[in-house]
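**Student:** Sequence:
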Amino acid sequence: MAGRYGGRRLRTPAGDRTRPTSDRVREALFSTLESLAGLADARVLDLYAGSGAVGLEALSRGAAHVRLVEADAGVLRVLRANVATLDAAADVLVTAGRVATVLAGPAPEPYDVVFADPPYAVPGPEVDAALAALAAGGWLAPDAVLAVERSTRAAGPAWPPGVTPHAARRYGETTIWYGRGS
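For the sequence shown, the UniProt record's numbering gives the first residue as 1, with consecutive numbering after it.
Simulated from the structure, these hints should not be mistaken for lab results. Some clues are possibly wrong.
As the list claims (entries may be wrong) - FRET-style restraints, in silico, Cβ to Cβ:
1) Ala96 x Ala121: 17 to 25 angstroms
2) Asp23 x Asp87: 21 to 29 angstroms
3) Ala84 x Gly6: 16 to 24 angstroms
Just so it is clear, CB atoms sit at the ideal spot from N, CA and C, and this is done for glycine as well.
I would like the entire structure built from these sequences, with the hints used as guidance.
**Tutor:** And the structure:
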């Protein structure tokens with residue numbers, strides 16, 4: 001992890017319930033996010049957060065606030081332990097629930113950066129519905145940057161109205177698609 005929490009080790013859930021973003025992919029992700037939007041004082045939404053590594057690294061790199069959304073109870077225990085390890089509870093909101101359920105409600109605030117790394121088993125139309133809910137529900141700040149991590153074999157996201165495709169970056173079996181709020 002880079003930034004103010006640099007050198008700290010985060011726990012990862014046991015077994016194969018999550019697919020952590022590799023260090024190489026995470027570094028490339030943050031390099032792209034920094035060039036597109038910067039993270040200083042950003043509000044970050046991490047959907048399908050898993051261990052929270054991506055959202056917590058965003059906080060470490062200067063984000064003002066991070067919201068982590070995760071549905072799996074066992075994974076949530078690890079995520080909460082990672083927030084506690086960093087003593088970051090004041091700047092992090094952990095939300096337990098399915099992404100579709102969370103996004104069905106009104107946005108408490110718009111987010112500058114949204115990262116979604118759904119399990120590969122989550123079908124593309126479900127991911128596309130989440131992106132549509134972000135755009136329609138007031139979850140995106142003007143010029144928000146969205147990053148969607150999926151298997152390279154998966155189709156890219158169907159960006160909803162109000163989000164313009166920006167780029168796709170492939171890293172072996174992983175591809176990250178980027179979109180911009182407009």
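**Student:** Hint by hint, note whether the structure agrees.
**Tutor:** Quick rundown of the hints versus the structure:
no., hint, in the structure
1, Ala96 x Ala121: 17 to 25 angstroms, "20 angstroms, holds"
2, Asp23 x Asp87: 21 to 29 angstroms, "23 angstroms, holds"
3, Ala84 x Gly6: 16 to 24 angstroms, "18 angstroms, holds"
Checked against the numbered hints above, the structure violates none of them.
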